[in-house]
Every structure is written in C-alpha cells, then in structure tokens.
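Chemist: If you read the protein sequences in the order shown, they are chains A and B. Per our numbering, the very first residue in the first sequence carries number 155; after that it's consecutive. Per our numbering, the very first residue in the second sequence carries number 268; after that it's consecutive.
Hints in this document: simulated from the structure, not taken from any laboratory. No experiment lies behind these values; they were computed from the predicted model shown. Hints are not guaranteed to be accurate.
So the derived label-pair ranges between C-beta atoms look like this [as the list claims (entries may be wrong)]: (1) B:Ala349 to A:Ser216: 30 to 40 Å; (2) A:Pro348 to B:Lys338: 20 to 30 Å; (3) A:Arg169 to B:Val335: 36 to 46 Å; (4) A:Ala343 to B:Arg337: 36 to 46 Å; (5) A:Pro263 to B:Ala290: 22 to 32 Å; (6) B:Gly297 to A:Pro334: 28 to 38 Å; (7) A:Gly255 to B:Thr317: 52 to 62 Å; (8) B:Asp351 to A:Asn385: 46 to 56 Å; (9) A:Asn385 to B:Lys338: 45 to 55 Å; (10) A:Gly163 to B:Ala290: 28 to 38 Å; (11) A:Ser216 to B:Arg337: 48 to 58 Å; (12) A:Pro280 to B:Lys345: 46 to 56 Å; (13) A:Asp185 to B:Asp315: 33 to 43 Å; (14) B:Ala354 to A:Tyr189: 38 to 48 Å.
DSSO-like mimics (lysine-lysine), calculated; alpha carbons at most 27 Å apart, straight line [claimed, not checked]: (15) B:Lys328 to B:Lys294; (16) B:Lys346 to B:Lys310; (17) B:Lys273 to B:Lys294; (18) A:Lys342 to B:Lys328; (19) B:Lys271 to A:Lys208; (20) A:Lys233 to B:Lys273; (21) B:Lys303 to A:Lys342; (22) B:Lys328 to B:Lys269.
Where chain B lies over chain A, by a calculated footprint (3+ residues, C-beta under 8 Å) [said to hold, decoys possible]: (23) 166 to 179; (24) 333 to 340; (25) 371 to 385.
Beta carbons are placed, not taken as given, at the ideal position from N, Cα and C, and that holds for glycine.
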Amino acid sequence: MEFTIKLAGIPVGVRSLHESTRDLCRDYLTDEEPYFSVTSGEDEIAAERERSAKADEAEGRSVQPYSDEYLETLAVYRKIAEKMTERDILLFHGSVIAVDGKAYLFTAPSGTGKSTHTRLWRKVLPPLGHDVYMVNDDKPLLKFTDEAVFACGTPWDGKHHLSRNCMVPLKGVCRIHQAPQNEIRTMKAGDAWPVLFRQSYRPEDPAHAASVLRMLDRILTGVPLFELYCNMDSEAALVSWRAMGEKGA
Amino acid sequence: MKLKYKFVVQEVSDGFVAVAVGADAAKFSGIIRMNKTSAFVFKQLMKDVTEDEIVAGMCEKYDGDEQVMRKDARAFIKKLAAADLLA
Numbered sequence: 155m156e157f158t159i160k161l162a163g164i165p166v167g168v169r170s171l172h173e174s175t176r177d178l179c180r181d182y183l184t185d186e187e188p189y190f191s192v193t194s195g196e197d198e199i200a201a202e203r204e205r206s207a208k209a210d211e212a213e214g215r216s217v218q219p220y221s222d223e224y225l226e227t228l229a230v231y232r233k234i235a236e237k238m239t240e241r242d243i244l245l246f247h248g249s250v251i252a253v254d255g256k257a258y259l260f261t262a263p264s265g266t267g268k269s270t271h272t273r274l275w276r277k278v279l280p281p282l283g284h285d286v287y288m289v290n291d292d293k294p295l296l297k298f299t300d301e302a303v304f305a306c307g308t309p310w311d312g313k314h315h316l317s318r319n320c321m322v323p324l325k326g327v328c329r330i331h332q333a334p335q336n337e338i339r340t341m342k343a344g345d346a347w348p349v350l351f352r353q354s355y356r357p358e359d360p361a362h363a364a365s366v367l368r369m370l371d372r373i374l375t376g377v378p379l380f381e382l383y384c385n386m387d388s389e390a391a392l393v394s395w396r397a398m399g400e401k402g403a
Numbered sequence: 268m269k270l271k272y273k274f275v276v277q278e279v280s281d282g283f284v285a286v287a288v289g290a291d292a293a294k295f296s297g298i299i300r301m302n303k304t305s306a307f308v309f310k311q312l313m314k315d316v317t318e319d320e321i322v323a324g325m326c327e328k329y330d331g332d333e334q335v336m337r338k339d340a341r342a343f344i345k346k347l348a349a350a351d352l353l354a
C-alpha cells in the first residue's frame with residue numbers, strides 16, 4: 155500500500171502492508187508530493203509488538219494481544235513523529251478541544267480522564283453559545299511556527315476516533331488529576347518540565363532530542379499551563395473553562 | 268566519577284535541561300533541570316573526572332570564590348548520585 159497523507163501541513167508518503175492503515179488515514183489523504191516517506195513492514199510490526207509487551211510488563215499488566223493491523227498504525231505514526239521533530243512538529247499525548255477557534259489540550263497518564271473531561275466541555279459549552287469541536291482526542295501533532303503553536307488533527311485520534319483535519323492555535327495546556335472537588339490552578343514552574351517531557355514523543359535518534367526540548371520550551375514560554383483537580387460532574391468543565399478559556403489568552 | 272548514561276543538554280528559557288538519549292532513554296526517563304553552573308558540572312561529568320578537576324574547570328571559566336564553587340559542585344554531584352546517575 156502506498157499513499158500520501160497531509161499532517162500538520164506536511165505531506166508524508168506512507169508505505170504499509172495493510173489496507174487498514176490507509177483506511178485509518180482516509181480523511182488526510184492528499185495528491186501532493188510527499189516531503190518525506192515512511193515505510194512499515196513485518197520488522198516494524200514485530201518491534202511494536204515487543205515494545206507493547208515490554209510496556210505491559212513494566213506496568214504489571216498481562217501482555218495485551220494486538221493485531222498486526224493495529225501495530226502497523228503505531229509503527230507508522232512512530233516513524234512519522236520521529237521525522238516531524240526535524241520540522242518543528244511534536245507528537246504530544248493529550249485530548250485537544252477547540253472552542254471558538256482556540257485549542258486547549260488536556261494531558262495525564264492514560265485512564266485518568268482526559269477524554270472524559272473534553273467530553274464535558276462538549277456537553278456544557280455549546281449551550282452557552284460556543285463553537286466547539288474535537289481537534290484530536292489522543293495523539294495530536296503540535297506545530298511550532300514563528301508566531302504560534304498549533305494543535306493538529308491526525309488519524310491517531312483515540313478509541314472514539316475524535317478529530318478533525320485542522321490546525322488550531324494552542325491557548326492552554328492542562329494536566330488533569332482525579333479529585334472529589336473541582337479546582338484549577340496555574341502549574342508550578344518546577345512541575346512544568348517533567349509534565350511536558352513525560353507526555354511528549356521521545357525520539358529514538360539522539361540528534362532529535364534537542365529539537366524536542368526546544369519545542370517543549372516554546373510551550374512553556376508561550377502557552378499558559380494549568381493543573382486541574384476534578385471529578386466527572388459538569389461543574390468540572392465550567393471550572394476549567396473559566397480559568398483557561400474565559401480568562402485565558 | 269562519570270555520568271552513567273548518555274545525555275543531551277539543551278539551553279532553554281529558564282536555564283538548562285538534560286535528558287538521556289539512545290538506549291539510555293529507557294534506563295532514565297526523567298528530565299534534569301540545571302542552572303548555568305550545574306550544567307557546566309554536568310557536562311564535565313560526561314567524561315570521568317574528579318571533583319578537583321571539576322572545580323578547577325569552574326574556576327577557569329567563572330569568576331568567584333573557589334570554596335563556594337566547590338560547595339555548589341558538591342551539592343549538585345550529591346543530587347546526581349542520589350538519583351543513581353553517577354558511576
């Protein structure tokens with residue numbers, strides 16, 4: 155399978171074994187000439203399987219059986235993410251929602267409730283008159299230009315497949331913690347680096363590490379950072395929106 | 268003494284940060300934040316050096332009291348050792 159997709163404004167050639175990968179990418183297909191290409195074959199799938207098994211073991215889970223098709227999608231995105239670090243584009247783990255043309259990213263370890271929280275924004279904000287849509291529910295690309303940081307939709311958008319092929323200026327990043335009461339505050343300077351580093355793509359090539367750190371520095375200096383302690387009530391969405399959206403940039 | 272892992276050091280808006288790279292990234296997944304002098308000490312530790320060698324290097328590069336520099340270097344080295352980053 156050979157096809158080209160446009161991600162974060164960059165046309166990328168993909169060579170894959172499975173049609174399901176092209177299918178996943180259907181909203182991003184383009185006729186443009188690729189700037190670069192990535193290939194995924196049996197070796198890459200096997201490497202992803204091993205990686206995934208190691209991660210399961212490290213977290214005390216039984217090894218999850220994933221299909222070749224699914225693992226191929228991971229392998230392809232990993233290769234794309236690696237090359238994108240050379241183009242001021244960074245893969246970041248989080249659920250990104252756009253409100254009135256501005257993007258807000260919620261991050262936390264898997265299972266904490268990022269998607270749950272952005273779902274509350276989708277429930278609560280439209281009745282108040284806001285234009286709301288999901289940019290990417292799981293693994294957005296962040297694009298760094300001279301003027302701004304943009305959150306970008308990609309086909310790698312989580313289990314509920316929530317994304318739009320768009321690039322929206324990023325106006326807030328928030329780490330979520332589960333808590334009985336809803337409360338938000340600015341992230342402490344000392345916490346920002348470990349949080350951002352933990353949730354961003356870790357490059358395989360040492361030569362890309364410096365690029366990643368420079369991009370994280372752009373987030374730190376250019377995007378307001380928050381810590382949210384919240385439950386699953388609608389009120390949680392109002393608490394975070396008021397601090398990040400209404401008062402924010 | 269020497270750092271156990273291979274690191275990349277990057278200057279950023281609020282100082283310097285360092286992360287392990289290559290195969291070592293799996294062994295140390297944290298990020299180290301430093302100011303200018305601790306970054307200097309850190310870079311020295313990429314080779315096998317003694318405390319005296321580090322302090323001599325600091326005195327050459329920076330103006331200041333040697334005792335203070337030694338104290339700062341020692342404190343930072345202690346932190347690295349506590350994080351099991353030194354061989």
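Chemist: Next, verify each hint and record whether it holds.
Modeler: Results of checking the hints against the structure:
| no. | hint | in the structure |
| --- | --- | --- |
| 1 | B:Ala349 to A:Ser216: 30 to 40 Å | holds, 34 Å |
| 2 | A:Pro348 to B:Lys338: 20 to 30 Å | holds, 27 Å |
| 3 | A:Arg169 to B:Val335: 36 to 46 Å | violated, 59 Å |
| 4 | A:Ala343 to B:Arg337: 36 to 46 Å | violated, 28 Å |
| 5 | A:Pro263 to B:Ala290: 22 to 32 Å | holds, 24 Å |
| 6 | B:Gly297 to A:Pro334: 28 to 38 Å | holds, 30 Å |
| 7 | A:Gly255 to B:Thr317: 52 to 62 Å | holds, 58 Å |
| 8 | B:Asp351 to A:Asn385: 46 to 56 Å | violated, 37 Å |
| 9 | A:Asn385 to B:Lys338: 45 to 55 Å | holds, 47 Å |
| 10 | A:Gly163 to B:Ala290: 28 to 38 Å | holds, 33 Å |
| 11 | A:Ser216 to B:Arg337: 48 to 58 Å | holds, 52 Å |
| 12 | A:Pro280 to B:Lys345: 46 to 56 Å | holds, 54 Å |
| 13 | A:Asp185 to B:Asp315: 33 to 43 Å | violated, 56 Å |
| 14 | B:Ala354 to A:Tyr189: 38 to 48 Å | holds, 42 Å |
| 15 | B:Lys328 to B:Lys294 | violated, 32 Å |
| 16 | B:Lys346 to B:Lys310 | holds, 15 Å |
| 17 | B:Lys273 to B:Lys294 | holds, 10 Å |
| 18 | A:Lys342 to B:Lys328 | violated, 32 Å |
| 19 | B:Lys271 to A:Lys208 | holds, 23 Å |
| 20 | A:Lys233 to B:Lys273 | holds, 22 Å |
| 21 | B:Lys303 to A:Lys342 | holds, 21 Å |
| 22 | B:Lys328 to B:Lys269 | holds, 20 Å |
| 23 | 166 to 179 | violated (count 0) |
| 24 | 333 to 340 | violated (count 0) |
| 25 | 371 to 385 | holds (count 3) |
The structure fails hints 3, 4, 8, 13, 15, 18, 23 and 24 (numbered hints given earlier, in ascending order).
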